[in-house]
Amino acid sequence: MKLIVGLTGMSGAGKSTVCRAFAESGFDVIDCDLSAREVVLPGSPALTELHDRLSPELILPDGTLDRRKTADLIFHSEEKRALFNKIIYPYITYNIAEKLKRAGDCSLLDAPTLFEARLEFLCGSIVSVTADPEICVQRIMKRDGIPEELARARLKSQHGADFYRQRSSFCIENNGTQRQLSEAALGVISQLKGGK
Numbered sequence: 000m001k002l003i004v005g006l007t008g009m010s011g012a013g014k015s016t017v018c019r020a021f022a023e024s025g026f027d028v029i030d031c032d033l034s035a036r037e038v039v040l041p042g043s044p045a046l047t048e049l050h051d052r053l054s055p056e057l058i059l060p061d062g063t064l065d066r067r068k069t070a071d072l073i074f075h076s077e078e079k080r081a082l083f084n085k086i087i088y089p090y091i092t093y094n095i096a097e098k099l100k101r102a103g104d105c106s107l108l109d110a111p112t113l114f115e116a117r118l119e120f121l122c123g124s125i126v127s128v129t130a131d132p133e134i135c136v137q138r139i140m141k142r143d144g145i146p147e148e149l150a151r152a153r154l155k156s157q158h159g160a161d162f163y164r165q166r167s168s169f170c171i172e173n174n175g176t177q178r179q180l181s182e183a184a185l186g187v188i189s190q191l192k193g194g195k
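Numbering that gives the first Met the number 0 applies: residue 0 is where the sequence shown begins, and numbers increase by one.
Everything labelled a hint here was simulated from the structure, so no lab data went into it. Please note: incorrect hints may appear among the correct ones.
Straight-line C-alpha distance at most 27 Å; calculated DSS-like pairs for lysine-lysine [stated by the list, open to error]:
#1 LYS192 x LYS98
#2 LYS98 x LYS1
#3 LYS192 x LYS100
#4 LYS155 x LYS85
#5 LYS85 x LYS100
#6 LYS79 x LYS100
#7 LYS141 x LYS155
#8 LYS155 x LYS68
#9 LYS79 x LYS68
#10 LYS1 x LYS192
Can you make the complete structure from the sequences, with help from the hints?
The following block contains the structure:
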């Protein structure tokens with residue numbers, strides 16, 4: 000039986016470090032953000048449906064998705080965002096399911112929006128990474144080179160630690176060093192593989 004683990008959590012909490020620990024432990028990592036980009040490649044059914052049902056203006060002359068216009072459209076309208084998600088999520092789910100079929104016995108879905116995309120049903124276990132919001136703000140600023148107010152706005156637009164704790168099999172709190180985080184991740188991996 001395959002072991003499929005979903006990885007999610009707060010921005011700036013350390014998901015990349017945890018993902019790396021899973022990869023180094025033999026898990027096939029499926030990048031769900033990459034799947035989201037793949038399903039809207041020029042000529043794809045998802046892109047055609049976005050054009051037809053949402054707005055023809057979302058497609059650039061070269062046939063690619065205009066990400067800036069798309070972000071503006073769905074950021075300013077709850078109704079448009081809901082329609083966008085209704086269109087795109089089934090394509091993403093199918094893309095990920097196909098990758099899981101080809102993956103080995105242990106797979107990790109690296110999915111920052113695991114719950115929003117309703118992908119948790121694919122996972123036997125869910126690992127979330129959380130941290131103190133002030134620590135996350137500092138990490139986001141450093142990682143992305145953005146000012147504090149933008150980092151705070153980004154974090155505020157996402158779920159807090161309690162949301163993840165309530166919905167996860169394992170929740171790694173990362174208020175320490177990268178080494179401590181890696182060790183915590185290896186502990187979770189050991190428990191997951193032991194229960195396989």
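Status of the hints after comparison with the structure:
no.: 1; hint: LYS192 x LYS98; verdict: holds (21 Å)
no.: 2; hint: LYS98 x LYS1; verdict: holds (13 Å)
no.: 3; hint: LYS192 x LYS100; verdict: holds (19 Å)
no.: 4; hint: LYS155 x LYS85; verdict: holds (24 Å)
no.: 5; hint: LYS85 x LYS100; verdict: holds (24 Å)
no.: 6; hint: LYS79 x LYS100; verdict: violated (32 Å)
no.: 7; hint: LYS141 x LYS155; verdict: holds (17 Å)
no.: 8; hint: LYS155 x LYS68; verdict: holds (22 Å)
no.: 9; hint: LYS79 x LYS68; verdict: holds (12 Å)
no.: 10; hint: LYS1 x LYS192; verdict: holds (11 Å)
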